[in-house]
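Visitor: Chain by chain, the residues run as shown.
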Amino acid sequence: MLHALANPARFLRLMAAIRPWAAGVAVLGLGIGLAWGLLYSPPDYQQGETVRIMYIHVPAAWMGMFIYAAMAVASATALIWRHPVAELVAKASAPAGAAFTLICLITGSLWGKPMWGAWWVWDARLTSMLILFFLYLGYIALWEAFDDPARAGRAAAILALVGAINLPIIKFSVDWWNTMHQPASVLTLEGPKIHPDILWPLLITALGAKGYYVWLLTVRVRAEILKRQARILRFAAATDRRAG
Amino acid sequence: MALTVEQLACIRGERQLFSDLNFRLAPGEALLLHGPNGSGKSSLLRLLAGFLPPAHGRVLWDGAPALEDAEAHRARLQYLGHQDAVKSQLGTGDNLLFWARLYGLDPVGTEQAVTAALDAAGLQRQRHLQGGYLSAGQKRRLALARLLLKPATLWLLDEPTNALDTSAVAWLGELLAAHRAKGGMIILASHVDVPLKDARRLDLPEGKLA
Amino acid sequence: MALTVEQLACIRGERQLFSDLNFRLAPGEALLLHGPNGSGKSSLLRLLAGFLPPAHGRVLWDGAPALEDAEAHRARLQYLGHQDAVKSQLGTGDNLLFWARLYGLDPVGTEQAVTAALDAAGLQRQRHLQGGYLSAGQKRRLALARLLLKPATLWLLDEPTNALDTSAVAWLGELLAAHRAKGGMIILASHVDVPLKDARRLDLPEGKLA
Amino acid sequence: MSAFLAIVARDLRLGFGAQGAMLTTLLFFVLAVSLFPLGVGPEPQILARIAAGVIWVAALLAAMLSLDRLFQTDQEDGTLDLLAQAPLPLGLVALAKTLAHWLTTGLPLSLIAPLLAILLQMEGDAIPVLLGALLLGTPSLSLIGAIGAALTLGAKRGAVLVPLLTLPLVIPVLIFGVGAVEAAAYGLSAGPHLLLLGAFLAGALALSPLAIAAAVRLALE
Amino acid sequence: MSAFLAIVARDLRLGFGAQGAMLTTLLFFVLAVSLFPLGVGPEPQILARIAAGVIWVAALLAAMLSLDRLFQTDQEDGTLDLLAQAPLPLGLVALAKTLAHWLTTGLPLSLIAPLLAILLQMEGDAIPVLLGALLLGTPSLSLIGAIGAALTLGAKRGAVLVPLLTLPLVIPVLIFGVGAVEAAAYGLSAGPHLLLLGAFLAGALALSPLAIAAAVRLALE
Amino acid sequence: MYWASLGDFLAMGGHAAFIWPAFAIALIALFGLGLLSRWGLTAAEREHALARREAGRDDSSTGADA
Ligand code: HEM
Ligand SMILES: Nc1ncnc2c1ncn2[C@@H]1O[C@H](COP(=O)(O)OP(=O)(O)OP(=O)(O)O)[C@@H](O)[C@H]1O
Ligand SMILES: Nc1ncnc2c1ncn2[C@@H]1O[C@H](COP(=O)(O)OP(=O)(O)OP(=O)(O)O)[C@@H](O)[C@H]1O
Ligand SMILES: [Mg+2]
Ligand SMILES: [Mg+2]
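Protein chains in written order, with this note's numbering: chain A, 1 to 244; chain B, 1 to 210; chain C, 1 to 210; chain D, 1 to 221; chain E, 1 to 221; chain F, 1 to 66.
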């Protein structure tokens, strides 16, 4: 078998089997979690109703970070075992990660305006999220910058790994940078204040977001595989015509 | 000492260029690669040089996999591609000097080796001329002169005669003959006649289906 | 219509490459430039193309100084140098498309002209492949295909056969013959045989000291 | 005209690949600007004071980044020879290439600058002036930079002089550009600064094609 | 070792000589830094307050200037093929080239920074710390930047892509670098910050040759 | 149910201008990305089928239609 991608039938079947379940988890999780958050959970005594933004903001933040980790693992797999599907998993993850990170940034700044009176402050957490967003965009841009998918895939995998090593250092340094100056805000919903009425919808939404991510993966990876196969077939067809 | 190629296949951008390639090269032997444009001659040379991983098959040196120990493989070969690798901002002599240093010639030997190589390539007069001002054939001569700076068993040459005039082609012929007489091996791709006696010939057809 | 060169001399970096060069080229005629590496073939072509000012002597077109009216001179010639001018990030077809647009072909004609040129050069299959992935010979074919996109009387070709395989050389031969049959003129520098019948030959000796 | 547009279109695709063009420059610009709060600290008043300088420095950098290769890649692969033979004066070829450069750097970054200005807490009144100043100033950066890029091609030993020649020429653009924004922020009229920027642009537009063409022709000898 | 030095020496000649890269970097750095007094006005306290940040950000941006061509010119003329065949691991080849890059950008820029710091009214005690921090931090910039340069070999719009890929990764250098100078300015010990900068450099020194070599090998396929 | 009336619900305690856009943007982004991905898959499927027909391989042995 010369092309590992020529017959990834098992992988595709697995993805096809997972897809409806993932879709179900996504719809139910996001639907129930957000409805619960909007309809049944109490407002915060300090933040009032704006606390409801949290039910998107926090799962989005979690997903933004989680997906980068998943991408790094997939990239390592691609580099070490040279498994092309792993490369495609990483590629398919990036838009999802970027989207969740962007949602976190936007909802955060919509929350920040009423809470802090500013759309944006250069707080450590905000800043490291912004940097994560740039890492995603850089990764996507690198994929787009090559026409040869084999080249692009491995270059992007190296970038993702370098980024993964550096990400904790960036986060640490940014946290630490912000404590040097006056911290711009103090988040009030820390630890013990988390009431079960708040925690549950939060967790359910987060689960739904995970389901959404898995569903998106099954769709996007399949599309990538088909596109590659079509390319291979095209070359083969051109060669056949010539030989025959 | 021998190079053996078994069932080699090469894929570029999801297109198979050749497959099931087999040959064996003993010291003093030479192999001429022929084939239409785009048939994969350069790709084969790059594969043998270790730039490209083979899609299938093996390259053996004395029976052991050749490409795994990259360092040892690098040490036994010299590669000359389509490009001359001449730095236009450096003088002709300085271009060679850099390669001589890189190949680890000792400081005393370096100067002499460079002078000798320039003489052989007929570039003495251009020694202080910037690489960018050389004519196309002079650049190619400079690239060939590099072959004299590093002892290596296997020469991989990609259309070395391009842009060379007749006297330079004759010089190249002498180079090749001398290398083979010392037990060297040569794999050379070319569309035109090359002064290379008793060379075996390998024809690469147009690429086939994967 | 005729190109006349009178007492032409060329100096590069204080070195005189040739001097007192005289020839005349009528429609349908071809001139083959020969000479060792660095003798000034490429320099002569660049001089005739208007890149380099002559150190001495004149270039006449129909008896009038040719190089003074740069615009008119550009319009009547096509120059192919040592380099292929292939953009590696653009597709093969897009490379040609750009030149077709630049040469002012109308939008309808452009597509057709490019398809025809690609077919002629044997690059149909590579139409969507990036220029950077082409083999050396395929790049050269692409450069030659450009000749089909702009009608010009005088072709200045610098070693056009480099890297071409035998079938491409034959195609070039047809191109040259067709161009001459239409009354075109050709000046071509080469170290190897080119399929060009009844061409006159101009030998450039090694450059002398100024 | 169609030849002119062909060059612009090709350079847009080459340097930056049509769609990705704007996006990459924008990202880079946003990133460069966001480095300053990280360096200087998050206090809004300080950020507001340096905002104009930050944005102009980032613009200068973005303009310089891809500039030195404006003609170089075309020269190295032989394309410049053929462009010089095109049915189009060399000055216009140069103008087309410079326009493509501005379209992929100066224009998109000018358009996103107001957003960054908000992030940096710039005075609201100053923001339209910032946009106008950038739109007037960035073409000058591209034009003057292109002269430098062309000079590097031909210059033999003197290439070291090129930045010495061109960077000082962009200083006026930066000073008037920052000046316009500062004036608006303090409630003064930005008019004179913008006029000077415009005059500078007009001069650059008239003179630099000539200078570029001369430099390129020298490089082709 | 002699092969290593041969590469460094060659790149220094190529960098200093025709390109004038070093001068461009220095001039850009000086220009970028000196722009801020214009915007901020001459108040010494504010200038002093932003000095460390501005100098560091300008250094970061200046280091990006010539970076995209670190491997590209060598790839285009076939030299990179032969460097990869040299009797020297590719990681060391990369290290040699990166060293040359630092010698032509990071080093001169660090040496001129104290002068700029004085212009910006930086606290006298902080200036030696600034010099030390830059000398420790700029090599990391070159190393990580070289990864970006290697990754974008053969890519479209490399010039803008390289900073986009590398700037987010070098943010720790910026933060520790500024931290060291500010600590010194406030009379605190800069030691911990410098240690962190050193640790980051050690990590970059150990890991980036691997990443660069992998990326370059990819580009040669 | 926490809310007394629909009006209360929509007003979100005076913070409607922040809360509703936040939810809307998030859902639009996720939904949009999902839709784009679906379209991408459909396009890829079409292209794959076309390429396969061109290559004259209508058998389904590549197993891509799982
Ligand atoms: C653009 C602005 C913002 C960004 C980028 C942002 C980013 C983040 C991130 C990354 C997290 C996840 C932290 C973790 O779990 O480790 C998070 C959590 C959170 N954010 Fe934000 N945030 C922003 C604005 C806000 C605002 C304005 C508020 C409310 C005042 C807020 C409240 C919270 C809360 C309550 C959590 C959960 C805390 C926890 O996990 O313990 N955020 N945010
Ligand atoms: N990424 C890619 N996708 C598709 N085809 C590719 C890709 N890269 C290279 N190729 C093709 O692979 C072939 C490479 O050929 P190679 O350079 O080995 O030919 P060659 O025999 O040396 O030709 P020449 O005689 O012209 O030098 C070309 O046909 C080229 O079009
Ligand atoms: N600035 C300069 N100073 C000195 N000599 C120069 C300078 N520029 C070019 N030359 C010399 O001028 C000659 C240019 O030759 P040209 O390129 O015209 O040769 P050619 O006949 O085309 O050779 P080839 O067959 O190798 O292509 C070369 O010998 C070169 O060394
Ligand atoms: Mg070849
Ligand atoms: Mg020549």
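The hints are simulated quantities; they were obtained by calculation from the structure and are not laboratory data. Small disclaimer: the values here were computed from a predicted structure and weren't measured. Mixed in with the good hints there might be a few duds.
Far from chain C, some chain B residues (derived; all Cβ distances over 10 Å) [unchecked claim]:
id, residue
1, Val108
2, Ala120
3, Ala168
Simulated restraints, written as ranges between beta carbons of each label pair [stated by the list, open to error]:
id, chain 1, residue 1, chain 2, residue 2, range
4, B, Pro195, E, Gly203, 53 to 59 Å
5, C, Lys197, B, Gly109, 49 to 55 Å
6, B, Ser88, E, Pro89, 26 to 32 Å
7, F, Pro21, A, Ala9, 43 to 49 Å
C-beta atoms are modelled at their ideal positions from N, C-alpha and C, and glycine is treated no differently.
Visitor: Verify the CB-CB distance for Ser88 of chain B and Pro89 of chain E against the hinted window 26 to 32 Å.
Guide: Roughly 28 Å apart at Cβ, these two residues keep to the hinted range, so it holds.
Visitor: Is the claim that Val108 of chain B lies outside the interface with chain C correct, judged by CB distances over 10 Å?
Guide: 31 Å, holds
Visitor: Mind verifying the non-interface call on Ala168 of chain B? Its CB should be farther than 10 Å from each CB in chain C.
Guide: Violated: least Cβ distance 6 Å, not greater than 10 Å.
Visitor: Say whether it holds or is violated: Ala120 of chain B keeps its Cβ farther than 10 Å from all Cβ of chain C.
Guide: Holds, since 14 Å exceeds 10 Å.
Visitor: Just tell me: holds or violated, for the beta carbon distance of Pro21 of chain F and Ala9 of chain A against 43 to 49 Å?
Guide: 45 Å, holds
Visitor: Is 53 to 59 Å right for how far apart the beta carbons of Pro195 of chain B and Gly203 of chain E are?
Guide: Holds, since Pro195 of chain B and Gly203 of chain E (Cβ atoms, about 54 Å apart) stay within the stated range.
Visitor: Could you tell me whether the CB distance from Lys197 of chain C to Gly109 of chain B stays inside 49 to 55 Å?
Guide: 52 Å, holds
The structure does not agree with numbered hint 3 stated previously, though it agrees with all others.
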